[in-house]
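Colleague: Line by line, the protein sequences give chains A and B. Per the numbering used here, residue 991 is the first one in the first sequence, and the count goes up by one each step. Per the numbering used here, residue 991 is the first one in the second sequence, and the count goes up by one each step.
The hints are simulated quantities; they were obtained by calculation from the structure and are not laboratory data. Mixed in with the good hints there might be a few duds.
Given that identical chains are not distinguished, each listed pair holds provided it fits within a single copy or across any two copies.
[Stated by the list, open to error] DSSO-like, lysine-lysine: derived pairs with alpha carbons at most 27 angstroms apart: (1) K1120 - K1137; (2) K1043 - K1137; (3) K994 - K1043; (4) K1120 - K1188; (5) K1043 - K1124.
Keep in mind the model is a prediction, meaning the values are calculated, not measured.
Protein chains: 2
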Amino acid sequence: MSYKLYYWDGLQGRGEFVRLALEEAGAAYVDVSRGPETGGLGTGAMLDMLHSKTIPYAPFAPPFLEDGELIISHVANILMYLAPKLGLAPQQEASRFIANGLQLSITDIVSEVHDTHHPIAASDYYENQKDAAKARSADFIGERMPKFMGYFESVLTRNPHGDRYIIGSTLTYVDLSLFQLIEGLRYAFPRATKHFSKRYPALTALHDMVRMRPNIARYLASERRIPFNQSGIFRHYPELDQDVR
Amino acid sequence: MSYKLYYWDGLQGRGEFVRLALEEAGAAYVDVSRGPETGGLGTGAMLDMLHSKTIPYAPFAPPFLEDGELIISHVANILMYLAPKLGLAPQQEASRFIANGLQLSITDIVSEVHDTHHPIAASDYYENQKDAAKARSADFIGERMPKFMGYFESVLTRNPHGDRYIIGSTLTYVDLSLFQLIEGLRYAFPRATKHFSKRYPALTALHDMVRMRPNIARYLASERRIPFNQSGIFRHYPELDQDVR
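Bound-form chain A, shown alone:
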């Protein structure tokens, strides 16, 4: 049976971290919001789940995954659940908590990226919080992004199994998420990320390795990969970008 992935239509957003894992594994899945309403799919079907007054443990927000009876919410949680089934989990059981810890640090930086353009109110227009967005973006570019990226680079280069993958000697979902993080940061902040390949050579090599994997390359070239745009988490507002020392 297919997995059902629920996420907003028309953007990559947080759903993309789950999509990349499903695509790499060649798993069968339905992207519910993008399906036809006549087939019981579409954004309405997602909203029905979110606003249900009867489903126990309906999720707080997208993305969420339906696998038979189970509904699982939050990117890191979905990936931790899926990874063993998709062959994308670390081989040692204990390493799964290492993977989840790394993934939650990715969750954190992704949330901070969101707040660069929405530092005051998620539900209000960007234009109404532009000044705060500029201040927050300056801090993100100057302090937070280097802290996170330096951390991931350092973890990668210290992997006792070599720096091809972030954990162990096989591809995991965390590698796929790091690829997406770098893609997103480069899109949102082309000036601030200009020196990424020099500063974070191991992460850059990991990014390029993921991009070349056959299933990922095929997915990126497909219509299923919606380009980055101004509705997603990673948005390019030139006034929020800046050169770094």
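Assemble chain B onto chain A, guided by the hints.
Modeller: Just chain B, lined up with the frame of chain A:
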């Protein structure tokens, strides 16, 4: 052997969600930063771990837990790891992903609480971002807090096993975290939370039930429970609080 919990000294902060689980279970643990430097403990011991250039998978930030060879970071991840050992996990295996999903929604609101007083830069003084903090707090109180709390109340009242616990018919770590969330919100926003018990009666009953559990009551009365203060996640700045409709 004792668990070692690493978190900043002098505040409850994110570490408190882990402490409550350890305390409820009566587990042996060392609160590393609060220990004496002469015993190899203290904040320095924590910073050594964080800044280590040799430990694989050193954490990005506190809290983290050391259990033998394993170092586990992020509150939700630590709790997911500990819960089965402490007897605080849901009884069904699949429900552990439900628990983790709920815990990650708690992580999200806790992060938003942090940003009410630090909406621009985590490393800068509150006083330097007070205007943005007021705007963000107004949105938090008016939009986000009711959305999260309404969600948790609705999940609790829909529990097929009754509304005593958030999952199933036994206490889990998520119940303890909900208690802490309510405690913190009441401390930070006494005006905005004045009607909590009327609006969220099931959550309030859950909060009171947790507070009365013998091990929790003993912990709360002990010196190990540091009072809320202006260094933690939940801070009381009267200018950020307001009455709600």
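Colleague: State for each hint whether it applies.
Modeller: Structure-based check of all given hints:
1. In the homo-oligomer, the alpha carbons of K1120 and K1137 lie at most 27 angstroms apart both inside one protomer (24 angstroms) and across protomers (25 angstroms), since each shortest distance falls under that limit.
2. In this assembly of identical chains, K1043 and K1137 lie within 27 angstroms of each other by CA distance solely across copies; the values are 15 angstroms between and 42 angstroms within a copy.
3. With identical chains, the CA atoms of K994 and K1043 are at most 27 angstroms apart within one copy only, with a shortest distance of 20 angstroms there and 42 angstroms across copies.
4. Taking the shortest alpha-carbon separations for K1120 and K1188, neither the intra-copy value of 31 angstroms nor the inter-copy value of 37 angstroms comes in at or below 27 angstroms.
5. Taking the shortest alpha-carbon separations for K1043 and K1124, neither the intra-copy value of 40 angstroms nor the inter-copy value of 34 angstroms comes in at or below 27 angstroms.
The earlier numbered hints that this structure contradicts are 4 and 5.
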